[in-house]
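Using the hints provided, position chain B relative to the given structure of chain A.
There are 2 protein chains.
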Amino acid sequence: MRELTTDHISQQFNNELETLRQHFLTMGGVVENQVADAIQALLESDGELAEEVKDKDTTVNELDGIIDEECTRILAKRQPAATDLRMILSISKAVTELERIGDEAKKIANLSMKLINEGESPRGYVEINRIGQMVTRMVRDSLDAYARLDVDAAIRVAKADRSVDLEYKTAIRSLITYMMEDPRSIGRVFNVIWTLRSLERIGDHSRHVCQHLVYLINGVDVRHIPAEQLENTSKQQSEDE
Amino acid sequence: MRELTTDHISQQFNNELETLRQHFLTMGGVVENQVADAIQALLESDGELAEEVKDKDTTVNELDGIIDEECTRILAKRQPAATDLRMILSISKAVTELERIGDEAKKIANLSMKLINEGESPRGYVEINRIGQMVTRMVRDSLDAYARLDVDAAIRVAKADRSVDLEYKTAIRSLITYMMEDPRSIGRVFNVIWTLRSLERIGDHSRHVCQHLVYLINGVDVRHIPAEQLENTSKQQSEDE
Chain A
1 MRELTTDHIS QQFNNELETL RQHFLTMGGV VENQVADAIQ ALLESDGELA EEVKDKDTTV
61 NELDGIIDEE CTRILAKRQP AATDLRMILS ISKAVTELER IGDEAKKIAN LSMKLINEGE
121 SPRGYVEINR IGQMVTRMVR DSLDAYARLD VDAAIRVAKA DRSVDLEYKT AIRSLITYMM
181 EDPRSIGRVF NVIWTLRSLE RIGDHSRHVC QHLVYLINGV DVRHIPAEQL ENTSKQQSED
241 E
Chain B
1001 MRELTTDHIS QQFNNELETL RQHFLTMGGV VENQVADAIQ ALLESDGELA EEVKDKDTTV
1061 NELDGIIDEE CTRILAKRQP AATDLRMILS ISKAVTELER IGDEAKKIAN LSMKLINEGE
1121 SPRGYVEINR IGQMVTRMVR DSLDAYARLD VDAAIRVAKA DRSVDLEYKT AIRSLITYMM
1181 EDPRSIGRVF NVIWTLRSLE RIGDHSRHVC QHLVYLINGV DVRHIPAEQL ENTSKQQSED
1241 E
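Residue numbers (my numbering), protein chains in the order written: chain A, 1 to 241; chain B, 1001 to 1241.
Hints listed in this document are in silico derivations from the structure and should not be mistaken for laboratory results. A quick note: this is a predicted structure, and the numbers were derived from the prediction, not measured. Please note that a few of the clues may not be correct.
Said to hold, decoys possible - Among chain B residues calculated to face chain A with C-beta under 10 Å, some are:
#  : residue
1  : D1068
2  : C1071
3  : R1086
4  : I1088
5  : L1089
6  : I1172
7  : E1181
8  : D1182
9  : R1184
10 : F1190
Every residue gets a Cβ at the ideal spot worked out from N, C-alpha and C, and that includes glycine.
Chain A extracted, bound-state conformation:
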């Protein structure tokens, strides 16, 4: 990030971008905790923790709004070009993915309340634990990739999503077989299936976060030339019309 923002005429602009980045990572941190806590609440039948996850939704939505406003304000006031523009656009899109991850965590928290109320019968919990750990790590790694603008790390997250999809499909198949053998369990098992589905979605959203980063970095790659030359290029484009 620092490397990419050294060409600004204004130190204040640098500060604004840094604030934006910090808010993005803060929101990511809240969402990452929501996911980890929602899974823990479910596995350990901790209704209080599930409530905490749901309460954090307000914080996430507030941060979503703040970051969106910051993006709009910076674009209007600073009229950034090239890398900075792509950075802001990719954050603007990635923040929507974070917000959706928070939504899925909230759904898991709600499902965990239902499962707690229904009492002990942890069928599928091994799978929730395994896939839950995989996607929590994906969320964390996608934020780290953003923090370090690391395109290789981003690609690794995208690849990890394939393993999540495979594990998810295997888990669903096994739960379908179980329901066939014990139809009375169907109602309860469905709450486990919706949980797995939400986890799979969180994996998808993390992959999307990383795709927005790859778009940002690829933009940087193909335009990997000094700022003055970039400015010349964009002037030439306007004149060409």
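Frame of chain A, contents of chain B only:
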């Protein structure tokens, strides 16, 4: 849209925004057809139509890329302020929702192939038909709302999503009861459930499209002052620092 773009110094800028808007609506049209066709393919066991839906995915992804590039290029070259900036940002976000709607339509097409291969047993098809019609209309209405920048229409779409969620929950409950009575049907019924889930998602994405529009219009509402004054305001903000 026309009303909102009369203040531009450059006719060419107007043309660029109009092209962007046209591409957005074109993409919306393709996606809307994908949804309608995917539902028809499933209900009428039409494998050829299902294949067509899947093939259109390439077009949708291409349009997604084109529109994203257009947004970035206009922002870099024209450095728009106020309404135009919000317009571009909201299209940039809404286009992601359209792309996801296309993904869900593709999933439904894949599920319809599975259901066709498994042979006749149209349990849940009444619900797919009903909810399918509801969400197809939501997609169309959200595009119309964008085309006419109609915030009331956008709010109506958001409200329609609640009815979809209710219908969806009722359908799932009824299918769970059915599976309990006939556990051998579970495998097949699951493909119906995933279809309903995709339809419910399409409703969500349409609602999000409309939320991006409301954000755009609300921005217009609060800043509903002539362009010169807007410019003065933003200059003043820079000087205040």
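Now for the hints, and whether the structure bears them out:
{"no.": "1", "hint": "D1068", "verdict": "holds (8 Å)"}
{"no.": "2", "hint": "C1071", "verdict": "holds (7 Å)"}
{"no.": "3", "hint": "R1086", "verdict": "holds (7 Å)"}
{"no.": "4", "hint": "I1088", "verdict": "holds (9 Å)"}
{"no.": "5", "hint": "L1089", "verdict": "holds (6 Å)"}
{"no.": "6", "hint": "I1172", "verdict": "holds (8 Å)"}
{"no.": "7", "hint": "E1181", "verdict": "holds (8 Å)"}
{"no.": "8", "hint": "D1182", "verdict": "holds (9 Å)"}
{"no.": "9", "hint": "R1184", "verdict": "holds (7 Å)"}
{"no.": "10", "hint": "F1190", "verdict": "holds (6 Å)"}
Figure legend: structure checked against the earlier numbered hints; every hint is met.
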